[in-house]
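With the hints as extra help, turn the sequences into a complete structure.
Line by line, the protein sequences are chains G and D. Numbering that gives the first Met the number 0 puts the first residue of the first sequence at 0, with every later residue one more than the last. Numbering that gives the first Met the number 0 puts the first residue of the second sequence at 0, with every later residue one more than the last.
Derived by calculation from the structure, the hints in this document are not laboratory data. A portion of the hints provided could be inaccurate.
Simulated restraints, written as ranges between beta carbons of each label pair [claimed, not checked]:
hint : chain 1 : residue 1 : chain 2 : residue 2 : range
1    : D       : Ser165    : G       : Arg285    : 37 to 43 Å
2    : D       : Glu136    : G       : Gly476    : 20 to 26 Å
3    : G       : Ser420    : D       : Asn64     : 55 to 61 Å
4    : D       : Gln87     : G       : Arg92     : 35 to 41 Å
5    : D       : Ser165    : G       : Leu544    : 43 to 49 Å
6    : G       : Pro196    : D       : His173    : 50 to 56 Å
7    : G       : Ala294    : D       : Gln99     : 53 to 59 Å
8    : D       : Arg184    : G       : Phe342    : 55 to 61 Å
9    : G       : Tyr86     : D       : His106    : 54 to 60 Å
10   : D       : His173    : G       : Lys475    : 38 to 44 Å
11   : G       : Gly476    : D       : His106    : 23 to 29 Å
12   : G       : Leu9      : D       : Thr1      : 27 to 33 Å
Each residue gets a CB set at the ideal place from its N, CA and C atoms; glycine is no exception.
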Amino acid sequence: MYASAALRNLKRKLNGWMIISVIGAFAALIPSLYILFGLFGAPNENWAHIKQYVLLDSALQSLWLVLGTGSFSVIIGVSLAWLTAAYDFPLRRFFHFVFVLPLAIPPYIAAYTYGAMLSYTGSVQAFMRNVLGVTPNQAYFDIMSMKGAIFVFTLFLFPYVYLITKTFMERQSAAFIENARLLGKGPLHVFFRIVLPISKAAIIGGVSLVAFEVLNDFGVTKHFGISSFTTAIFKTWFGMYDVDSAIRLAGLLMSFVIGLFILERLVRRRRAYHSSTSKLKPLTRRKLCGIPAWAAVAFSSIIFALSFAIPVLQLIVWATWTYRDVFNDKFAGMIGNTLLVAFVSISLLMLLAVIVANVSRASKRSIFTLALTKLISMGYSIPGAVLSIGVLAVFISIDERLGGLYERLGWGANKLLLSMSLAMLVCAYVIRFLSVGYNAVEAGFDKIGNRYSEASRMLGAGMTRTFFKVDLPMIKGAVLTGFILTFMEIVKELPLTLLLRPFNFETLATKAYQYASDEQIHQASVPALFIIAVGAVSVFFYHWLGERKST
Amino acid sequence: MTYFELSDISFRFAEGKGDVLHNFSMRLNKGEVVGVLGQSGGGKSTLLRIIAGLEVPNSGNISINGRTLVDRKQFVLPEKRGIGMIFQDYALFPHLTVAQNILFGLHRLSRKERLQRLEEMLELIQLQDFRKRFPHELSGGQQQRVAFARSLAPEPELLLMDEPFSSLDADLKHSIREELKRMLRTANMTCILVTHDKEDAAVICDRVVHIANIGHALNINPKFVSNSTR
Ligand SMILES: Nc1ncnc2c1ncn2[C@@H]1O[C@H](COP(=O)(O)OP(=O)(O)OP(=O)(O)O)[C@@H](O)[C@H]1O
Ligand SMILES: [Mg+2]
Numbered sequence: 000m001y002a003s004a005a006l007r008n009l010k011r012k013l014n015g016w017m018i019i020s021v022i023g024a025f026a027a028l029i030p031s032l033y034i035l036f037g038l039f040g041a042p043n044e045n046w047a048h049i050k051q052y053v054l055l056d057s058a059l060q061s062l063w064l065v066l067g068t069g070s071f072s073v074i075i076g077v078s079l080a081w082l083t084a085a086y087d088f089p090l091r092r093f094f095h096f097v098f099v100l101p102l103a104i105p106p107y108i109a110a111y112t113y114g115a116m117l118s119y120t121g122s123v124q125a126f127m128r129n130v131l132g133v134t135p136n137q138a139y140f141d142i143m144s145m146k147g148a149i150f151v152f153t154l155f156l157f158p159y160v161y162l163i164t165k166t167f168m169e170r171q172s173a174a175f176i177e178n179a180r181l182l183g184k185g186p187l188h189v190f191f192r193i194v195l196p197i198s199k200a201a202i203i204g205g206v207s208l209v210a211f212e213v214l215n216d217f218g219v220t221k222h223f224g225i226s227s228f229t230t231a232i233f234k235t236w237f238g239m240y241d242v243d244s245a246i247r248l249a250g251l252l253m254s255f256v257i258g259l260f261i262l263e264r265l266v267r268r269r270r271a272y273h274s275s276t277s278k279l280k281p282l283t284r285r286k287l288c289g290i291p292a293w294a295a296v297a298f299s300s301i302i303f304a305l306s307f308a309i310p311v312l313q314l315i316v317w318a319t320w321t322y323r324d325v326f327n328d329k330f331a332g333m334i335g336n337t338l339l340v341a342f343v344s345i346s347l348l349m350l351l352a353v354i355v356a357n358v359s360r361a362s363k364r365s366i367f368t369l370a371l372t373k374l375i376s377m378g379y380s381i382p383g384a385v386l387s388i389g390v391l392a393v394f395i396s397i398d399e400r401l402g403g404l405y406e407r408l409g410w411g412a413n414k415l416l417l418s419m420s421l422a423m424l425v426c427a428y429v430i431r432f433l434s435v436g437y438n439a440v441e442a443g444f445d446k447i448g449n450r451y452s453e454a455s456r457m458l459g460a461g462m463t464r465t466f467f468k469v470d471l472p473m474i475k476g477a478v479l480t481g482f483i484l485t486f487m488e489i490v491k492e493l494p495l496t497l498l499l500r501p502f503n504f505e506t507l508a509t510k511a512y513q514y515a516s517d518e519q520i521h522q523a524s525v526p527a528l529f530i531i532a533v534g535a536v537s538v539f540f541y542h543w544l545g546e547r548k549s550t
Numbered sequence: 000m001t002y003f004e005l006s007d008i009s010f011r012f013a014e015g016k017g018d019v020l021h022n023f024s025m026r027l028n029k030g031e032v033v034g035v036l037g038q039s040g041g042g043k044s045t046l047l048r049i050i051a052g053l054e055v056p057n058s059g060n061i062s063i064n065g066r067t068l069v070d071r072k073q074f075v076l077p078e079k080r081g082i083g084m085i086f087q088d089y090a091l092f093p094h095l096t097v098a099q100n101i102l103f104g105l106h107r108l109s110r111k112e113r114l115q116r117l118e119e120m121l122e123l124i125q126l127q128d129f130r131k132r133f134p135h136e137l138s139g140g141q142q143q144r145v146a147f148a149r150s151l152a153p154e155p156e157l158l159l160m161d162e163p164f165s166s167l168d169a170d171l172k173h174s175i176r177e178e179l180k181r182m183l184r185t186a187n188m189t190c191i192l193v194t195h196d197k198e199d200a201a202v203i204c205d206r207v208v209h210i211a212n213i214g215h216a217l218n219i220n221p222k223f224v225s226n227s228t229r
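Written out as structure tokens, the structure reads:
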């Protein structure tokens, strides 16, 4: 292409929307780059020690967690997805909804709850001793272990696999499956030879979210005393005060995650079975009767009980014991804090998400927009520990740069202004959850397509007027969905909040964590229930929106 | 006198193999209605989108009324071109009423002028009593007329139509076709109309240009047909 034409094309695209998108995407990238560049510096004297005693062990522990949780999430998530997508049995609609509810319970809260319930003084063993009169072997109840962590992660993360796989099966697989049924293939053959292979991409999409969540976790492994990679980073940082090595560990974890991310995209890109026809017949369900129907109900009930009903009931019981101590002025302030930081972050984040989505929709296939959107969607896969170090380091270095300015303003030269403020936490939330908001908005734009905005441009309206007069009224629902999903994520977020909040700034999540780590599990139930309520309402609303759309 | 000129336009999609248009040229006089005929996949819609400014040609120039729209150094954005377009599925804004749809392109006029123009347009398409309806409350033919009024209201220098009859059934098509012809004449519109149908072209157009599809590498024969069909 000629230089003049290239310049012309650049000028055509250069406008406020584009500039904000590029600046936003690069700003979001800075903390990650900071961490990655840390890998290239020379290691300090601690590193040899860390490498020898910490690195391999913690990497293996994390790997086991990811593999264990991943495998069990696939088994439970896919079997439930297939059950609810392809069969009709009593209470199916109810189960379809409640299988999403575990997402409302953050795994760290589930870990405290199960940990306390199964302890020697917990409700389960107390019941067995006092009512049944048996004193069971303690070893059966050892949840504070690798197995226990995998149990908790699986129960509360499998819905990612379930949701994505079920949606795929319902919408995309009908033709293949009905053909196989017509050819007289039995249900097992259909499931293993057809359903599993064609759902591969969806399953991988779901399980990679599970993997990112496990690597992001801080609360569960901390509480169960598992020396995962994340805890290793924190020990190096806060135990040994060795920020350099912590950054180095974070860099390694991040390289691994980026590898995982790319791998997932590569596998999913070849969506060979993605049907191209727009009018897809939904899968018709087969009715189960007799024993199979009862078995389906029993299996579903067990999963529902373990992944939602039991822990929530237990929390409610504890809350009735302790709410009088917990409700006080501070508690109201905490809810205020949670709402404040959530709304500020979500507003910024949705604004940026909408701007980037609007820029990228017009030229979906250009390399530039692909890069932009991939960068944004990566934010969600960066573990909280890594992101928090990155953000903190960047903010401290900004404060150092601005030292001269602070001095001239009479605030003192070495003041840490930005890195002591809420700005840091807001910034981290925006980076981490931008992709959640972006995906929601993008889905909205995909649904309306480009023709209305093109019609508007042809009528003399520029990009901005088009956006406010044509696009926004049509994607309102999608923006609202993004708002709700990010709200739920931010309210339950723990590692970033814990590390980046200003001194004495408590949110519901940090309070629940603090009670639990002070052995005040019963008190933790009150903030925990608030978090779960927010999540459940969001899930309910999301579900309702989805159902409304599909009918 | 040449009013609209398009010369040596080549275009390919970013990931496409080969050109969709190859050194394609055409000219229009003021008030002329020209039909573009060609096979499916021949690049007719793409041609209109290039003229509209919704796609960027790889090479070639476009100018209208002495004003350059595209050449190697310049590119006028679609909203600045003063070109109207009627989309195949009309793309009427579903959240706006008939009147609001027609008013959409008139934001540069004063309030009084706007309302006056709206009345003229409603009269032209004979839908005065439907102004408060939403697009989904109209029949296919009525939607087509609203789309026409919406594009015509800002008085574009050139009107592009991509298969305006394809979503209408045969009976309706005949009456609408005549009506469209009358309205184009009334407004003395310069117009490029893409169609599959030779009969449509024969009724409405002053002349016809063919986009011929030969093979795949050089899709387009830049044949310049100007046989009058009337
Ligand atoms: N967005 C796109 N990306 C890549 N290729 C495209 C795209 N849109 C169209 N094409 C290809 O460009 C060629 C011309 O398409 P175009 O829509 O202009 O044809 P057309 O003459 O309008 O066809 P029809 O009469 O069926 O509407 C076709 O081969 C088509 O496959
Ligand atoms: Mg076409």
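Here is what the structure says about each hint:
no., hint, in the structure
1, D:Ser165 with G:Arg285: 37 to 43 Å, "holds, 41 Å"
2, D:Glu136 with G:Gly476: 20 to 26 Å, "holds, 21 Å"
3, G:Ser420 with D:Asn64: 55 to 61 Å, "holds, 57 Å"
4, D:Gln87 with G:Arg92: 35 to 41 Å, "holds, 40 Å"
5, D:Ser165 with G:Leu544: 43 to 49 Å, "violated, 34 Å"
6, G:Pro196 with D:His173: 50 to 56 Å, "holds, 52 Å"
7, G:Ala294 with D:Gln99: 53 to 59 Å, "holds, 57 Å"
8, D:Arg184 with G:Phe342: 55 to 61 Å, "holds, 58 Å"
9, G:Tyr86 with D:His106: 54 to 60 Å, "holds, 55 Å"
10, D:His173 with G:Lys475: 38 to 44 Å, "holds, 41 Å"
11, G:Gly476 with D:His106: 23 to 29 Å, "holds, 26 Å"
12, G:Leu9 with D:Thr1: 27 to 33 Å, "holds, 31 Å"
Hint check: a violation occurs at hint 5 only; the rest are consistent with the structure.
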